[in-house]
Amino acid sequence: NAGVTQTPKFRVLKTGQSMTLLCAQDMNHEYMYWYRQDPGMGLRLIHYSVGEGTTAKGEVPDGYNVSRLKKQNFLLGLESAAPSQTSVYFCASSYGGSGKLFFGSGTQLSVL
Amino acid sequence: QQQVKQSPQSLIVQKGGIPIINCAYENTAFDYFPWYQQFPGKGPALLIAIRPDVSEKKEGRFTISFNKSAKQFSLHIMDSQPGDSATYFCAASGDTGFQKLVFGTGTRLLVSP
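Residue numbers (the numbering used here), protein chains in the order written: chain A, 1 to 112; chain B, 1001 to 1113.
In case anyone wonders, no lab produced these hints; they're calculated from the structure.
Just so you know, even glycine gets a beta-carbon here, dropped at the ideal spot from N, CA and C.
Some hints here could point you the wrong way.
[Unchecked claim] Simulated restraints, written as ranges between beta carbons of each label pair:
| no. | chain 1 | residue 1 | chain 2 | residue 2 | range |
| --- | --- | --- | --- | --- | --- |
| 1 | A | 39 | B | 1022 | 17 to 23 Å |
| 2 | B | 1071 | A | 73 | 26 to 32 Å |
| 3 | A | 67 | B | 1045 | 23 to 29 Å |
| 4 | A | 10 | B | 1081 | 28 to 34 Å |
| 5 | A | 3 | B | 1110 | 23 to 29 Å |
| 6 | A | 80 | B | 1110 | 36 to 42 Å |
| 7 | A | 83 | B | 1041 | 42 to 48 Å |
| 8 | A | 67 | B | 1081 | 27 to 33 Å |
[Said to hold, decoys possible] If you want the footprint, here are the derived chain B segments under chain A, 3+ residues with CB under 8 Å:
| no. | region |
| --- | --- |
| 9 | 1037 to 1046 |
| 10 | 1049 to 1062 |
[As the list claims (entries may be wrong)] Not the full set, but computed from the structure, chain A residues with beta-carbon under 8 Å of chain B:
| no. | residue |
| --- | --- |
| 11 | 60 |
| 12 | 61 |
| 13 | 63 |
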């Protein structure tokens, strides 16, 4: 049972480049989330989804887009990367609206 | 806007000590208070959680104390071990249709042998 899988684990981008972070879960969870983790700032919610085909903005959505075309996948896109988006990104999922989130192992992104 | 304030930022205790991590919240609509544990290179994992209808919850060596009137809650780790060295996050959420968690800024705990 893989749980929540994120790819890639590491990535370096130049300012202005685009990329997509992939998240897949095999627990049949309805809810999925994208967080960023920065030193001294905890985990901040970027976007989330309460079901296939739905997405919503979180606390820090600017500069990011998401898509949930399949229930098991949640994609996070950066259209034009900026140095301020250097961070560790975590995907998570949960059963229904429970507060018990299952996190992936993270993607470390550096934007130069 | 920091809705959940966590302290201290870092903590060092000796093996067997009882580290205490504190969190305070402002939103009285919050009704679910989990703690997450994160080891280096890993994602956070749910450790223990409490709802405001009880003042204390224990799971093994981990205890949450909750003070509703003060809007504060804390994590105590009894008989701490070097394997407990990790970053701990408190969080809170309310009944808004689903549990959208707000996290504290984290506490890096080091338990020395």
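Hint check:
1. A/39 to B/1022: 17 to 23 Å: The hint (17 to 23 Å, Cβ to Cβ) holds, given that residue 39 of chain A and residue 1022 of chain B are roughly 20 Å apart.
2. B/1071 to A/73: 26 to 32 Å: 38 Å, violated
3. A/67 to B/1045: 23 to 29 Å: Taking Cβ atoms as reference, residue 67 of chain A and residue 1045 of chain B lie about 27 Å apart, which means the hint holds.
4. A/10 to B/1081: 28 to 34 Å: Holds: the Cβ-Cβ distance is about 31 Å, inside 28 to 34 Å.
5. A/3 to B/1110: 23 to 29 Å: This hint holds: roughly 27 Å between Cβ atoms.
6. A/80 to B/1110: 36 to 42 Å: 39 Å, holds
7. A/83 to B/1041: 42 to 48 Å: 23 Å, violated
8. A/67 to B/1081: 27 to 33 Å: 43 Å, violated
9. 1037 to 1046: The restraint on the region 1037 to 1046 of chain B holds, since 6 of its residues have a Cβ under 8 Å from chain A and three suffice.
10. 1049 to 1062: With 1 residues closer than 8 Å to chain A, the region 1049 to 1062 of chain B misses the three-residue bar; violated.
11. 60: Hint violated; residue 60 of chain A Cβ to chain B Cβ min 12 Å, cut 8 Å.
12. 61: Violated: closest Cβ of chain B sits about 13 Å from residue 61 of chain A, beyond 8 Å.
13. 63: 19 Å, violated
Of the hints listed earlier, those the structure fails to meet are numbers 2, 7, 8, 10, 11, 12 and 13, in rising order.
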